[in-house]
Each structure stands twice: as C-alpha cells, then as structure tokens.
Amino acid sequence: MNQWYTAKDHFALLPALMLALFGCAVLLFDFLASREQRHRKWLLVLTLAALVFTGASLFRQQTWLASQGAAELTAFQGSLVIDRLALFFNWIFLIAAAIVAVVSYRFLLTSGEPMGEYYGLLLFAQAGMFFLATGVDLIIVAVGLELMAVSFYILVGFSRGEKRSNEAAIKYLLLGAFSSGFLLYGFSLLYGLSGSTKFADIASAVTDRGVFDPIVFAALAASAVGMLFKISAVPFHMWAPDAYEGAPTPVTAYLSVASKAAAFALLIRLLLGPFGSARALWEPILIVAAVASLTLGNLAAISQSNVKRLLAYSSISHAGYMLLGLVAGNERGIQGIAVYVLVYTFMTLGAFLMVGAMERHGVAAEDIDDFAGLMHRHPGYALWMLVFLVSLAGIPPTAGFLGKYYIFLALIETGHYVLAVIATLYVAVALYYYFRIVRSMFLSDTAGGAPLLSGPGLRLAIGLSGVLTLVIGLYPEPFLQFVRFTGGGQ
Amino acid sequence: MANISISNLDAVFFYAFALLAVGGAIFTITRRSAVHSAVSLIVSLLGVAGLYLLQRAEFLFAVQIVLYVGGIMLLFLFVIMLVNLDEAARQRQFNGQWWIALACLLGVAAEAFLLMRRGASSLPWSHPASVDAATTKTGNTEQIADILFSEYLLPFEVVSLLLLVAVIGSVFMARKRAE
Amino acid sequence: MISLVLFTPLFATILLLFIPASRTAWIRAWANAGGIAGFLASLLLLQRFDRNAPGFQLVEKYEWIPSLGVKYFVGIDGISLLLVLLTTLIGAIAILSSWNAIESRVKEYYTILLVLQTGMIGVFVSLDFFLFFVFWEVVLVPMYFLISIWGGPRKLYAAIKFFLYTLTGSVLMLLGGLVLYFQYYKQFGFYTFDITELMKLQLTPGMEQWVFWLFFLGFAVKVPMFPFHTWLPDAHVEAPTAGSVILASVMLKMGTYGFIRFSLPLLPKASATPVIVQIMAVLSIIAILYGALVSLMQKDWKKLVAYSSVSHLGFCTLGIFALNQPGIAGSVLQQINHGISTGMLFLIVGVMYERRHTREIAEYGGLAAVMPNYAVVFAFAMFSSAGLPLLNGFIGEFTILQGAYAVNPVWAALAVLGIVLGAAYLLWLYQRTMLGDVTNPLNAGLRDLSVREWVTFLPLIAWALWIGLYPKPFFAILEQPVTAIVQRVHP
Amino acid sequence: MVELIPLFPLMGALLMLLFGRRLPKTGVNIVCVGAVLASFAVSLPTAAQGPQERILFEWLPLAHADWAYAIDPLSSLMILIVTGISSVIHVYSIGYMADDRGYYRFFGYLNLFVFFMLLLVMANNLALLFVGWEGVGLCSYLLIGFYFKRQPAGFAGMKAFVVNRVGDAAFLLGMLVVLAGAGSVRFADLSQVPAGLAPLAALLLFIGATGKSAQFPLHVWLPDAMEGPTPVSALIHAATMVTAGVYLVARTNVLFTASPEVLAIVAIVGAFTAILAASIALVQNDIKRVLAYSTVSQLGFMFMALGVGAYWVAIFHLFTHAFFKALLFLGAGSVIHGTGGEQDMRKMGGLRKAMPVTHAAMLVGALAISGIPGLAGFFSKDEILSHVYHSPHGSTAIYSVGLATALMTAFYMWRLMTMTFYREGSYAVHPHESPRVMTAPLVILAIGSALAGYPHENFRAWLAPVFPSEAAAHPAPGTEWILMGLALAAALLGILLSRFEIKGQLASVLRHNWYVDEAYNSVFVEGLAKGGGAMLGRFDARVVDGGVNGAGWLARMLSQISIFWDTWVVDGLVRFVSFTVGVLSYPARILQSGRVQTYALYFVFGALLMLGVYVTR
Amino acid sequence: MITTTHYVVVSAALFLIGAMGVLTRRNIVIILMSIELILNAVNINLIAFSRYYGDVKGQIFAIFVIAIAVAEAAVGLGILIALFRNKGTVLADEVDLLKW
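Residue numbers (my numbering), protein chains in the order written: chain B, 1 to 490; chain U, 1 to 179; chain H, 1 to 491; chain Y, 1 to 617; chain Z, 1 to 100.
Some hints here could point you the wrong way.
[Claimed, not checked] Below, a list of computed lysine-lysine pairs in the DSS-like style, where the Cα atoms sit at most 30 Å apart:
hint : chain 1 : residue 1 : chain 2 : residue 2
1    : B       : K163      : B       : K41
2    : B       : K41       : U       : K176
3    : Z       : K87       : B       : K163
I should point out that these hints are in silico values taken from the structure, not numbers from a laboratory.
With the hints as extra help, turn the sequences into a complete structure.
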C-alpha cells in the first residue's frame, strides 16, 4: 500500500470492492460451472453473499463513523466521501438489489436468459451507484454513472428475444448516451472554469465567479440535462415509460428505484456542492422541471391502461416531488428527498413486483384489466397491491404519505407556499389513476385468469416491501433517525 | 518574430485541424452511406487528434489515433458490414423533424454564443495558455502515467470495470440466443 | 382508556380476518359483537369523564415520531365525548343494519366497517394535528370501498368523487397545519403538533387568515358547506345503507368537529374576523335554504335525505360561527341530532330498499297501511329531523338560532325559513311514500319491521327522546369545552 | 297536583300507542276517557287553589327555560275549557268512532293532543308553550290525516302542518327576540323586554298566532283540516287548538300593550279575517266547511277583541265559542253519522224529524252563534262589538266590519239549518238519530251554549289580575243599548236573508274562497310539486295577491336554480376540471410518440428553454 | 492568435453537429457515430482547458471520456445487433413498439 491506496481508502472503497469482486466471481463461476439447474442457484447465493458482504462493509463504515463521531470519511485525496448521505443511499441500493436479485431468479429460470451475466451486471450496476453516491470528483462520478448506465442498458435489453426489450434497450442507450454527452460537456466546462475535478475546488471557483455567471450557467444547464434525464424529470423523461415497459419487470423495478435514487444522490451532491452558491440559477430550473414532471406525469398516467407505463408516469411525478425537496434545498428538504427515496423504494418495488407476479412467460399481463378481480383470486396479493397503491397515492398511514409530507414540510418551511399547494393538488389527481387499478382489483368480478407467478422469493419480496411500506408509515421514527444526515456525530 | 511565426503556424494548423474535425463531422451526419459516414468520422477524429497535438497532449493524440480510429471505428465498420445497411441506405436518411431540430440547435448555438461572449470576458480563456512549464519539464506521457496511477487510480480501476461490463454486454447482446 | 375505545374495532377486525370467508354467519355475529363491544367500551368513557374538569381528559400521550414532534396524543373533552359516543353507537347500528342487506363479500364488508370505525373515533380523540390528519385520511379508503363495492349503479363515480373531493380538501388543510407547525417552531424553538401547545401561538392576522382558509377547504368539503357539497348527494345515494348512515351521521361531523377543534381555538383572530364570520354565516345560510329547496324537488328518496343533510349541516356551521356559547353548544348538539335523525332516515330508506330495491319515490305510496310500524318509525324520524319540540332536533336548532340571533337577527330569520322548508319536504316525502292508497301492487305484501330492524332503531329513538326531553346533561357536558372555545375566540 | 293534569292524558296516550292494539274497546274507553276525566277532576281544585308555579326540571339551560307549570286565572280557565270540552268530546267519540279500525289510535292521538294542549296553556315560559304549540300541531297533523289512505286527508294534514310551520317560524323568531331582550323566555320576565324590541317580538308572536289560529293570510289550512274525523274538528279545530293563538296573544299581552301599532295590526287582521271567512261561508255546501269558515271568522272576532286591548273579552268569546262551536261540529258529526257519511248539504234536508235531539241541540248552537239574546254567543259577541266601538284602539270601521260579519254569521248558520233540517230532502240511506253516547254530549254542550254567557261579569273579575286594566271610559248606557240593538238587528236580518241564495260571479268567487286557498295551494303545493306552469298562469290572472304568487314562483325557481347550479356550476366546475385533466392526458401521452429522436429533441428543447430563460434575463 | 476560446468554439460546433446527427439521422449506427462526435467535443474542451491550466487532469479526464465512449459504442452496437436480429431494421423511427 503506497500513499495512493491507504488503509483508509481501502476501508472507504470496501463496499464497491465487494460488489466488484463478487461480480467477477459470479461471472467466473458461471463461466466455469456447467449451466445446469443445480448450479444456477449458487449464482443467486453468490449474489446474495455479495450483498451481505457489501452490507457488512457498509455497516462497518457506519459504526466507524458513529464511533469516531465524525460526519464523514474522505478517501482518495478527497475523491470519495463516506458520509451518512452516502451510506443511506447505499443501503437503498443494497435493499433494492437484494429484492430484485431474489425475484429475478424466477424470471431468469423461465425466460432462459443467462443468469451469470445478469447477476454480474446487477452487482456492477450497484458498484456504479456506489460511486455516484460517494464520489465527489467529476471523473469518479462520470465513470461511476457510466458503469451504472451501461449495466442498465444491457439489463433493460436482457430479454434479447423480445422486440420490446430490444427497443427499450436501444432507446434507453441512445438517449442515455446523448444525455451523458450533455453531462460530460457540462463537466468539461466545470473543469474549465476551475481547473480541477474535485467538487470542493469547483465549489470555490463557482463561488468566486459570482451569482449569475454565464459559464457556470452553461455548465449547470448541460449537466442538469444529464442528471434530470437520469431521474426522469420532464422534459427529459421520455425514455422512462418506454424503457420501463420494455424491460423485464425485475429490471424495471431496479431501474425505477435504484437508478433514480443514485441520480438523486448525484444531484444532491452536485447542486449543493459545486453549484451550492449558484442556487439562484438552478432553483428556477428545478421548479419548472418539478412542476412539469408533476403535471405531465400525473396527466399522462390518467389514461394509461398498461400498469407498467402507468407506474412509469407515476414515477415521473414522484421525481417531481423529490425535486421539490431539492427546491426547498434546506436540511429538511434533503431529508425529505431521502425519506421519499426510502418509501418510494419499497412502494415502487412492491408495485412493480406485483406487475411481475402477474406476468407469465410469453403472456404479457400488464394491463389494468389483467388485475381485474384479483381480490377474488388472490386476496393476499390484492391487499398488498392496495397497500402499495395507497402509499403511492400518499395516503396515511402508509409510507408514501410520509414522503410527501416531508416534501410539503420542507416547502412550507422555506416559504414555497404556491408550490406546496400545487404539489398537494396533484395528490388528488394521482389518486385517481392509482385507484383505477384498485377499482379493477376489487370491483370487477371477472373470475378466472391464470394463476399468479408466485414463488417463495416473490412472496417474500412483496411481503417485505409491503410490511416496510406499512411500518414506515406507522412508526417512522427509526427510519427518520436513519436519514438524519447532519447534526452531531449521530 | 520567430514567436509570431510559430503562433501563426499554430493558427494555420489549428484552422486546418478544426476544419478537418468540423467538416468531417458534417460529412458524417450527412452522408447517405453508413460507410461513407464512418470514413468521414475517421477524418473528423483525426482532425480532433490534430487539435490534441496542438495542445501538447501527445498521449491523447496517440490514444485517439490508436483507440478511436483503430478500435472504435473498426467496430463500427464491422457492425456496418454485419447488419448490411444497403437496404437502409436506399431509404430516407433524415427523419421528419430535422428542420425543428435544426432550428432548436441553432437556437441553442445562438444562446451558447451569447453566454460564452458574456462569460468569456470574465475568464482568461481568451489568452493563450501562459505556462507550459508543467508539460515541458517532463514528457506528457510520463506525466499522465504518474497522475493516472496515483491520484486517479480509483477511476482507472472503475473504468476497467466499465470496460468489462461493456465487453460482457456487447458479447451477450450480439450473441445468438442459446435456444 | 381512550385507546381501548379506539382500537376495539380494529382488534375485532384482526380476529375477523381469521374467520373463513365462507362462514358468513360467524362473520356477521363477530362483527356485531365487535360493534357492540366498541359501544360498551365508549360507555366507560362516559363513566370516567368528569364534566366539570377543564381541558382535555383521559389523555394519553406517547412519543410517536419524535423527530417531527409528532405524538400519539389522545384525549377527550365534552365535545369529543359526545361525538365518540355517537360514532360507536352508529357504528354498531350500521353493522347490525347490514345483516341482510349485504350478501356478497361479507367478510370484506365487515372488515371495512370496523376499520372505518377506528378511523372515525381516532379523528374525534386526536389532540395532535398529525395524528388527526392520519385518522382523517384513514377513513377515506374504507369509505371508498364501501361505496364502490356495495353501492348503487353509479357507485364508481360517486366513490371516486367522494375520495377526490375530500382528499383535495384535506391535503390543503395539512398545509395549513404545517404553517402552524413552523410558526410554532419560530416562536418556541421546538416542533410540535400538539394542539394544546399550538394554542399558544401568536400569529399575525394575515397569517391566521391564510391558515384559516386552508383549514376551511379541508373542513368545508367534509361538512360539506355550500359550494363544496356536490359530492354528498352522489356518495349518499350510491352508498349502501350502512355507508350512508355512517357518512351522514358521523363522517360529516368530522368537518364541523374540525372547525370547532382546530379552526376556532387555533386561529381565534381569524375566526372572529368580521368578514370571515360573515362569509361563513352566509355560506351556512345558503346551505340551509339551498339544501332544503333542492330537497323539495327530489324524486329520489335517498337524494332527498342527502340534500336535507346539507341543510342541517348548514345549521351546524351557522352555530359554530355565531362564536358564542349557545351557537357552538347548539351546533355540537345539532351534530349529534343530525347523526341520530338522518341516521334513522337513511336506515328507513335502507329498510325499504332491502325490500324493493328502488329509491324512486314514485314507486311507493300508501305504505303506512302495509307497514304500520315502519310508518311510525318513519314519522318519528321525520319529526325528529324536522325539529319538532320534545324531540332532539328542536333543541339543537333552537339553541343555534339563539346563538345566531345574538350575533345577527337576520341570520336567525333566514335560518328559520329552513325549518319551514324542512317540514315541507319531509312531510311531502312522507305523504308520497306512506300515505294514500297502495298504488303499486308490488308494495302490497311488504313485511313490516323485523325484530332486528327494530333493534337498530330503538337506541336512536331513545336517544332522540332523551335529548328532546332532558337535554341538560348534554349541555352540562358541553359547557366547559364550549366556554373555553368562546373565551379563546372572544377573549 | 298540578303536574298530574297533563300527566293523565300523557299516560293514556302512551298506553294507547304502545299497547292499544291489544286492548279491547272497553279498555280503550276506560283508559282514555278516564284519563281526560281525571284530568278535568284535578283541574277543578287546582283552579280553585289560585296562582302557583311548579318547576319540574331544567329543560333548556341556555335559554333559562324550565319544564315548569304556572297556574294563574288565565291558565286555570284554559285548563278547565280544555279538559271539560275534551271530556265531552271523548265521550262523543266513543259513539262516533265505534266502527273504526283505528279506534285505539284515534284515542291515543286525542289523549296526546290533550296533553300537549294542557302543556301549552300551563307552561310558564314561551319555549315550553312552544312545545305544546308544536305538539298540538303534530296531533292535528296526525288526526287530520287519520284516514291516511285517503289522499286528500294526507294532503290536508301536510298542509296544516306546513302552513303552521310558517307561523311557527315567526314564533321561534319572536321567542328569540324575547330571549335576547329579556334574557329569558319566562312569561314573568316578559316585561323586561326593552321597549324597542317589544313591537318586533309582539308582531312575530302574532304571526305565529295567525298560523295556529287560522288568521289571514295563514287561514287556508283550517277548512281543509275538515278531512279529519268530526270529533277532531270539534275539539281541535274549533274549541281548543285554534284558540291557542288567542291564548298566546293574551298570555303575552305585556308585549302587545307596549306596542299599540301591533295591536292595530291584530285588530285589522282579525276583522279582515272575520269578514273574509264569513263571506266564504255564505256559499259553502259542505256542512263542515261552513263550520270551519265560521270558526275562522269567529277567531277573527277574538283577534279583533285582542286588537283593541280587550283581552278578557277575547278569552270570554273563546270560552263561549268553545261550547257552541263544539256543539255545532258534534251536531254536524251526528248528522253525518246519521246519513251515512254525507257532508254535502245540498243532498240533505228534513232531518228535523229523523234526528230530533240533534236538531234541538244544533238549533241552540245556531242561535247562540248568531247572537240571539239570551244565549252565550250574544253576550260575548256583543261585548266584543261594544269594546271595539268604545276602545281607544278600536274604530268605527272595524266595528262596522264586525257588524257585517255578525249579519253574515246569522245568514250562513240559518242557511245551514234550513238546508239540513227544514227543507224537504230524500236519502238513499234511511237517516237515523245517533246513539245516546253521542247525543248526551250534544245536550251537555247545548246547555253550556245556552248558559255560558251569563257569568261574563265574573269573567272580567276573574281575569282582571292577568290583564292590564282597560283604559276605556264607561260608555253611556244609551249607546250600549243602541249597539246591542244593531247587533240584534244584524242577526235577525241575516236570518231573514238566508232564504236567498247568493248567485253569479260573487258566488263563484266566494265558493272559491276568494281564490286565496287555491292560490296557496297552487303555489306551495302544486307549484312546488309539479311546477305546473299552466296552472300557475291561470291563477296569476285571478289571484289578487300577486306577492304570494311571486313567493311561490320564486321558491320554485330557486329550487330549479339550485339544482341547475348544482349540476352545472358547482359540479360543472369540478367536471370541467376533471374533464380538462382527462383530456389533457392525451396530449401528454401523444408527446410520447415512441420515436427516440423526438425524445432527444425534447432534451434539446429543454436545454434551449433553460438557456433561453437565462439569456433573456 | 489561437486562444482557448477558439477550441471551445470548435468543441461547441462539434457538439452541435453531433446533436444534429442524433436528432435527425434515421440510421442508428450513424446516431451512435454522432454520439462519438459529441464525446469528442467534450474532449476538445478538456484538452484545451488542460492546456490552459497547465495541468494534465483534463487530459486524464479525456482518457476516461474516451473509455466511456468505447463502452457506449460497444454496448450500443451490441444492442443494435440484437435489435437487427429481431426486427430487421436499424432505423430509429421504426423502433416504435413502445409509445403513449
């Protein structure tokens, strides 16, 4: 170990290291072992082991922070920072990955797509997210983002035999690459005005350049395109419904949750870091994007009949809500985004998993009508879906309410009353389309329909998401403590 | 005098390479045949490589030539051959929205121009680089290697992962299905 | 203690879930037991309650979400006590009334009713705004299902309309609460939703008014006050009997209760602003007259009763914004009365609907000859609703009028017109359905009230008579809390 | 003691309504008639005991109204009238209702009525009085609609209740004024009402009284109320309930005395009602309707008396009227009973021989109401006319109206007697005299009608503590005689004229009750129910009272507008919003063309906007 | 005199041309090439600034950008082949199964 890779660096990098190593192990195992049924399950075990080790590393980092009473741990000469925000987002990635890994197993068995690549990419994507959440250096962030994005391009197109999957992948890739172009162009300008790639240096350079600086703005605008694309905010949202619909459902779940969360981590870091002093520049952009996302996401969802697309549009509107947390921009706003991300993770995962449960090999069952009479056929699933939908609509006592609540809280606290009112009014619009699904599940008496694709893994995953959705709603205190990013060593 | 002539020479080279890059680019997006486009792109990339050289980025120049022109473009040509674009070449090359796109991009260009004009005055970019000391002391390549494997060790490792993913991905995607 | 009352129905629900759905008789029996247990538990409250003690009683306060300053804080004063009793009684009756009416999806039905009941009780006992809001919203989902699964022909429309209206209003109300929350922090340095704490706030008049209007939107939709009332006829008409009963008897009271518990004490300056008081009174009076006039024209039995609710609730809000002792006390009492009378009227419609499956008034006529007992009960409910002295309605209306007159005689004069019209539409309804010859042969052989149906009516009849004959205990229970509110508004 | 008086009939009523169905008729008779008789029996010593007050419990704490009975000369007199007449009529009903299926129900209602009526006259405060007031209205509703299978009965009951409700609304407001003015609704505190508020309170209470006592313009319900069984008409719509308004004004005389202008209104309304109703009665052919209009007219007399401040005279007339009008109604009932349910006088005649007792009793009643000297009506009517003439509040105009009314009274009564008893007639059913249980009450009441006028000086003395002393100077004896002569002459003239039938346009107008009734009907019942524009147009042309019409039209229009507003404006707005949202959903989706380059274009467009906002700033 | 600004202008031009290609060309292969142009524009910027500041971080960044470009191109072409195999087209506007 020389000075460029100290023990501290190693400690900070540990989760990503685990992910990368296990990812390679999965690939190797897949390559070496024959592709038999009995070997396949070891891939899942390896993946889960990776996540366990990653979790252990995260836990070690967390306890270290707590024991040191330190707010953060910087490594690699200030390129990586492990703080509570980073840890929080990594936990989210981890949970999402774990749930998706479990439910994907069944998908992979039925679709016959290679499992090794899938799990490997899953882990590599998470490694990319790790750098998005922890990186405070343009290069790290750019590479991490690309690692995540490229993995996702492939995952989205993982059902190679299906045209929809192909199309989704190519669309996502083209748009993703295009947006990366914008982002990198913005990064290049940032480098140009500061001469450094470290966020801290850029921040001071931006501060020196004053409030309404054109170059800062150009850099901001370009990188905003890239970042708003990743969180699927209007008008950079167009990929989301198509990619969500075309991708295999477990991937959709992972994409909608983890990739969006990672992008938010980056957005928070970048806007509050380098662009922290240019708040006056980005606030209007975010306000417009947020309101547009709320409007368009909610409106377009109303007349959707494909549940995956509907959820995609709804996730656009959720992005709008989260953006509003950033608009508020104060501590509570950031906390609000985190809370929102947390609850969004479970409810969205749950909802997409439900769609996945409806799906049968070769038969797309993603239409609202496919949910008809679910209460008769499978009351348990219907009730969990109800929980997810009520939560997505933001009605207490489910977790979704808490997320929206925090956003309102932050908006009111910072005096954005009009935005608060707009945001609240869209709750009602959203309710309307979520309850179309509810209506279908509970009120149609259509009997019959094929049995659900239910396995122990899926049931476990849905149950876990459901329970957490309820628990966070009913007793959020521990979770709120968890997302308290500042204030003492806690 | 020598200085001036060098800087004049600089300018000549700059404009030549810039023309190559931009012209190649324009050809890339306007050619009917994908092969022609690819060749134009190579020209453009070479122009860019020339610009790197003018900026004393010899290592990048090399990378550009070897990796880009030699690697990526080969890939492109390979794919062009594979997917047999004769059919595509006979069809309409531009979609219906090209004029809106053009208008928008011109708008963006105009705006960017305005922004740059306002901003450039506050940045000392309008002067040529004053110091070449760092680059002249040791070779460009060594310098890069030094920093790349020390300060930027981490992204380097990550990029290796990225490339691994890209390899797996492209192989996986391009491979015929097992069934 | 309060938690016991609050969670008894929920507890019953949980056990209910373990009964197999095919055992409908067991489910019905258990749900009824749960409803009655809830009512009995609430009687304990009555026994423990000390009417002379000021402030909130039987309070329970636990930290719930400390990082937001949210507590599980419940307690009652006289106002909540009465409304809780109403809720538990009506809840039990609604469950009982559904014995035969609901044939499909029995288990879901009773589950929903019981959950609904916990939600409604929660609204009336919460002393923490956040908790209040949670319960407020919790009520919506079961009600949505109640209407949309077991409702009439246009149930889907009615259910979603109900949901959307209320939700929109309530989230705006939440914003109002948040404003208070932050103002409190600015003044006292810590966050809380505890309404006893929030009462210490000193706000600028402008701020108070903003919050008032936000609260107004939430509560007025629920009441419903005049321009926000259109969800009500739809929801009432399409809901199954028990749903209508609960909706009318209890859920509308959540709105008026909100005004009394939150708007007035937390925003005393805004509430006493002459302009606001005028607007509220005018809206109330419009509701009174308007509801009554529209009732006159209805051809649908249930819709008529629904619109009459608009009129009656107009009295309640008028009383509240008289901002004096008789006005508010009368309003609370009238809320109870409306719960009893309109509850009975909806049950009456339900009894007939169960037999004939139509609510067209023109389908009926001359029922008094066929179903004498039914006619008697109907007459009782009608007179109770029309405010005949010695029955409950009169006491409330008179006290409200007393309060309103003290503020502005014109209000009282206009509101009195509502009483006249009230008699008109109810008697006319009675005339058309009960009196005359049996014109429709389908009505000739109808069964009179069964024992079970009698049991659903008797407690309400008894309560109506009690209030009408000897309302003093109720006024005594209300005296402390109402005085406190009046003193806050007019210090 | 005191509280027993209303308690007996209440118990009777509850017993009947809860268990009556299972009791035999004898049981019903014993309980109900017994209850009223017991009540009457207790009333006598109570009246003798003198003033007292008994508070049972606090009823309306915020209005300081207790459930309390107050006995003073006025209320003890009323108690006696109520229980006395009720007893007689209860006995009569045993015979009249003998064949009815709803026997127990009828007696239950009747007992309930007696309870409320007693509550009304015994209450020590306005609120409790209002309870009785509404209670008797309720019983009236129930009893008018007793034959509920008959559509008109139901409508009549409803009409009575709703019209009364209009008056009640004013009553309530009056009560509120008193409450606000005096801080209490106790009669004892009425004098506390400030002088400024007293006229308003008085006026509102008077409007309340016009409802219950069927005074113009709220008189329309009473003739229709004749749909009820005849004993009900006798008890409720002649002797007791309708006089509640008179009692109310007398009871709150403090307020009226303090506001002369309201008194004038009372007198004018009374006089107008008296002559209006009498004129309508001239041409009625239904025996009960004649009596009904007569009642309205006589009540007008009482209000006339009240209006000139002669409170005791009004009560005196109330007292005598109770006897002879109850008598006339019961007699009419007997006739109807005897002729198998016939009420149309044109189909009657010659009943004198078939029903001698009834005829004799009715003759006494008719003479009494016509004001033939020696009988009760003469004393009270003469007293009224004389007070109207002499009182400082009175006037010659009102006096002349009264005189004309007296003439008409004699006219229609004798027309009734002639058509029923004297001229020849033929019947499908053989007419027969009623059973003794019905004729006995007739005889008792006839005796009462003959003698009730004599103690009028005692009356004045008895009621003196309750009412303010009259300011009127004692008139010269000569004038007194002249007035008496005039009254007598009017009565005789009326009797003489009664042989002539009123024909032509006037008769038509009168037969249609000056169209007032129809106007209301069309406006408040038909108009609201069916919205019959054609009918409304027809009445528009004829009805004098355009205001009433306008009100009805307004109510109908408002109702329509309300519904319109609901469906199109309030809901419409919501629908518009949801429609817009729904419609906008499609463009929002169409943006999503599926073309990847279009998506990319939006990127650029977004960037263009972002930069543009900044550049143009 | 060739200044940093000149390079920035060339870079911007290249970026816009690339964007134009992305927006208008129907052939996905050419769209991918256009994306390469955009990334080259980024690199010109980076190199120019690197020179201007006299340090090599910009150049290192540029190396990473090239790596990114490689990865994207490789994966993009892979997906394109899969698409072509299934749909038989490489035209962007024929990729429209997923919409609305």
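Under the constraints set out in the numbered hints, which ones does this structure not fulfil? none
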